[in-house]
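S.K.: Next come the chains, spelled out residue by residue.
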Amino acid sequence: GAGVSQSPSNKVTEKGKDVELRCDPISGHTALYWYRQSLGQGLEFLIYFQGNSAPDKSGLPSDRFSAERTGGSVSTLTIQRTQQEDSAVYLCASSTETNTGELFFGEGSRLTVL
Amino acid sequence: DAKTTQPNSMESNEEEPVHLPCNHSTISGTDYIHWYRQLPSQGPEYVIHGLTSNVNNRMASLAIAEDRKSSTLILHRATLRDAAVYYCIRNQAGTALIFGKGTTLSVSS
Chain A
91 GAGVSQSPSN
101 KVTEKGKDVE
111 LRCDPISGHT
121 ALYWYRQSLG
131 QGLEFLIYFQ
141 GNSAPDKSGL
151 PSDRFSAERT
161 GGSVSTLTIQ
171 RTQQEDSAVY
181 LCASSTETNT
191 GELFFGEGSR
201 LTVL
Chain W
20 DAKTTQPNSM
30 ESNEEEPVHL
40 PCNHSTISGT
50 DYIHWYRQLP
60 SQGPEYVIHG
70 LTSNVNNRMA
80 SLAIAEDRKS
90 STLILHRATL
100 RDAAVYYCIR
110 NQAGTALIFG
120 KGTTLSVSS
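From first to last, the protein sequence lines are chains A and W.
Throughout the first sequence, residue numbering follows the working numbering, covering 91 to 204 in sequence.
Throughout the second sequence, residue numbering follows the working numbering, covering 20 to 128 in sequence.
These are computed hints drawn from the structure, not numbers from a lab.
It is possible that part of the hints are untrue.
[To be verified] Derived list of chain W stretches under chain A, where covered just means 3 residues or more per stretch with a C-beta under 8 Å from a C-beta of chain A:
hint: 1; stretch: 34-42
hint: 2; stretch: 59-66
hint: 3; stretch: 84-95
[To be verified] Computed list of lysine-lysine pairs in DSSO-like fashion (alpha-carbon distance at most 30 Å, straight line):
hint: 4; chain 1: W; residue 1: K22; chain 2: A; residue 2: K147
hint: 5; chain 1: W; residue 1: K120; chain 2: A; residue 2: K101
hint: 6; chain 1: A; residue 1: K147; chain 2: A; residue 2: K107
hint: 7; chain 1: A; residue 1: K147; chain 2: A; residue 2: K105
hint: 8; chain 1: W; residue 1: K22; chain 2: W; residue 2: K88
hint: 9; chain 1: A; residue 1: K101; chain 2: A; residue 2: K147
hint: 10; chain 1: A; residue 1: K147; chain 2: W; residue 2: K120
hint: 11; chain 1: W; residue 1: K120; chain 2: A; residue 2: K105
hint: 12; chain 1: W; residue 1: K120; chain 2: W; residue 2: K22
hint: 13; chain 1: W; residue 1: K120; chain 2: W; residue 2: K88
hint: 14; chain 1: A; residue 1: K101; chain 2: W; residue 2: K22
Yeah, the Cβ is synthetic: ideal placement off N, Cα and C, and Gly gets one too.
With the rest of the complex left out, here is chain A (with noise of 0.2 Å):
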């Protein structure tokens, strides 16, 4: 498809288990973006990868998150020893490489820590 693409759209997963989260930005998308959504909550920056320099990782919010991203394209989200409070919409977003202009949102991964 010609959008941004996210998988699975929904996992739950039991406390303690690790997770791996799937974005496939548009093509040609050298920007791409992880964001979470808790309910009810607004947005929170994660990590964001521009092209080959060094991700800016600095919203990750513990050791437990990390993000890579193969080739320039496709990037996976990783959160080991999952936790409730890691419940929450996980969002991949993607731009040219100036990302000066719009931002791509896909529908996002429906994470569930029981």
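Dock chain W against the given chain A, drawing on the hints supplied.
M.R.: Same frame as chain A, now just chain W:
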């Protein structure tokens, strides 16, 4: 730190114009002003962005103060579908867009 200040909520009537204010008094000369909105149960969507000059597109207009310390998003004729959270973001090109709490716009028929 979103570095912008917006009212928590605003109300409007359908088919009337809406002016959503945003204060960004510490903006630097190279910061862009972006507006996004988030409809209920959906991801954010781009509305408009600008640097210095006023901008118009099919969705809205962006009026930027001459000193760039504030801006206003203008919806020319509000519809029920425009009810959403509107986020004003200042951002330097090549850096992460940080969303604040935004303004929740309610539209009544």
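S.K.: Does each hint hold? Answer for all of them.
M.R.: So, going through the hints one by one against the coordinates:
no.: 1; hint: 34-42; in the structure: violated (count 0)
no.: 2; hint: 59-66; in the structure: holds (count 4)
no.: 3; hint: 84-95; in the structure: violated (count 0)
no.: 4; hint: K22/W - K147/A; in the structure: holds, 19 Å
no.: 5; hint: K120/W - K101/A; in the structure: holds, 26 Å
no.: 6; hint: K147/A - K107/A; in the structure: holds, 22 Å
no.: 7; hint: K147/A - K105/A; in the structure: holds, 24 Å
no.: 8; hint: K22/W - K88/W; in the structure: holds, 11 Å
no.: 9; hint: K101/A - K147/A; in the structure: holds, 24 Å
no.: 10; hint: K147/A - K120/W; in the structure: holds, 21 Å
no.: 11; hint: K120/W - K105/A; in the structure: holds, 29 Å
no.: 12; hint: K120/W - K22/W; in the structure: holds, 11 Å
no.: 13; hint: K120/W - K88/W; in the structure: holds, 19 Å
no.: 14; hint: K101/A - K22/W; in the structure: violated, 33 Å
Hints 1, 3 and 14, counting from the list given before, are not met by this structure.
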